[in-house]
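Trainee: Given next are the chains, with one letter for each unit.
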Amino acid sequence: MPFETTIRTFAAALDDPSAATPAITRGRMGAPDGRRFAVYRNNVAVGLIGALEARYPVSRRIAGDDLFRAMARAFVRANRPRSPVMIAYGEDFPEFAGAYLTAAEAWPGLAVLADVARLENAWVEAYHAEDATAATVGELAALSSDCLFGTRIAFHPAARLLRFATPAASVWASAQSSDDPAAPAEGIGEDALITRPDCDVRVRVLPPLAYDFALRLREGATLIEAAVSLDDPTFDFGTHLIGLVDSGAVASIIAGQTS
Amino acid sequence: MTAADHRSSWGLGAPSVGVGFKPEHFEAIVDTRPQLGFFEVHAENYMGAGGAPHRRLDAIRERYPLSLHGVGLSIGSPGPLDQAHLQRLAAVAKRFEPALVSEHLAWSTHECAFFNDLLPLPYTAETLGRVAEHIDEVQNALGRRMLLENPSTYVVFAESTWAETDFLREIARRTGCGLLLDVNNVFVSAINHGHDPDRYLADFPLSAVWEIHLAGYAEDTDEAGLPLLIDAHNSPIREAVWALYTATIRRLGATPTLIEWDNDVPVWPTLLNETRRAERAIIETAKSRERVDAV
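Just so you know, the sequences run in chain order A and B.
For what it's worth, this note's numbering labels the leading residue of the first sequence as 1, then goes sequentially.
For what it's worth, this note's numbering labels the leading residue of the second sequence as 1001, then goes sequentially.
Be careful, since some hints might not be right.
To give a feel for the contact side, a few chain B residues facing chain A, derived at Cβ under 8 Å [unchecked claim]:
no., residue
1, Gly1050
2, Leu1081
3, His1085
4, Leu1086
5, His1110
6, Phe1114
7, Asp1117
8, Leu1142
9, Val1155
10, Phe1157
11, Glu1159
12, Ala1163
13, Asp1166
14, His1193
15, Glu1219
16, Asp1222
Covered stretches of chain A, as calculated for chain B (at least 3 residues, CB under 8 Å) [stated by the list, open to error]:
no., stretch
17, 6 to 15
18, 38 to 44
19, 124 to 130
Honestly, the hints are just simulated from the structure, not real lab data.
Remember, predicted model here, so these are calculated numbers, not experimental data.
Beta carbons: idealized from backbone N, C-alpha and C, even for Gly.
Throw the hints in and build the complete structure from the sequences for me.
Mentor: Spelled out as structure tokens, the structure:
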């Protein structure tokens, strides 16, 4: 049998748990042995589900093992990895989990679950992101005031901005210190910023308007353009800018032209 | 340079015993700076863009020699190697300058789907030719020799016409690659297929071995109720594997040896104890070899 045909047959049987043990394989009795072939099927499933469990530990605790495994098993069946670099595997799981919970008409309190999964995925992305130095508050202070309004910022490769309709960041944070992360049935939405100062991933809940301000800056707006777009005369962009820089979210400050 | 020359020229001072590096042990390692021959890492875990994994491995690499062990290249595939993945492996090797680079006699990718396991292949003239081509390609891309590891297997193929030991010997001869002898895999496969592990080792091309792996296995049974061992890397090394190891280094001499423990990872002192046992085995074996030489 050509090599390609053999491996194709083996792979097809791995992919389909209801398929017969491939007749090309042999156990000790000289015949195909289902329990032996099942070791490979099990290794594949356990490995992929384990990768999701490792990437989404808080989501798993909120869901409980049974529900999380059911979602993970369904995800794994529909999403075979396309790359041997497993640190990228499962980045589509939050969206999948959201759709799964909706389709299953799960308890509405579980809505936070898909948001927590988004946060956990962003955490892993930040953890593995490219290295870059972060701008300092000192650099910000050194800007002359007449070029400040035209200044733009470049975000650090690890920085992630997230907007949730649920209190996902608080639930995630409480899970870091508690074995029983409480998922409030009702709660207000939260904005979060993930940064990685000195290779240490941090998650913070943002104050009102900070997400919108940072998003404008990320889209390339100058400080004044970003601040004006918020249409709120009480918005103190200086405080928010210092907060962003201090968090490690900013890689570089690009000074505007002096007027 | 032969494998035997290389084994003694790592500059590590015999005995060279290493462990698979786990991030949870990082603090214990940098705080206590244990005497160890080397650390080994799975190359794929360092294929992210940056961050803590790279920083930790830089710190390990400053203090210890490194062995880079790939688990995703799918050298035993009939199809072409994934060029992007080969380039990623070359980039990790360039960055961390490992003393050794190894991969498996197995496949894991078929038509772009990655199965995340080390899957078996038949041993025929056709598969031998393809694996040898892939190893040539890897060695050209890396600009260095690679080591190929013997697998744990749970099934064999009706169409196989080569013994695994002959297959590995011929690949090493054709490509000049070295071999990574996983003694746990020898034991697991021998029990699973009803062979004598001592016989397998007697037939193994030991002169091409540059590194040894030791690990723990799990136990199950097949449909006939016969023992089915699983290469689980989740427990201490079993006595039967230690005995095979001692017999192997008695013939082979001191060889860089890795303790692999990838699942249910223990606390650092437990892992370190396993390395000390391997070191004692190497020292005691060396003494008995000297006594034999002196007679």
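Trainee: So, against the hints stated earlier in the document, which numbers end up violated here?
Mentor: Hints 2, 4, 8, 12, 13 and 15 not satisfied by this model.
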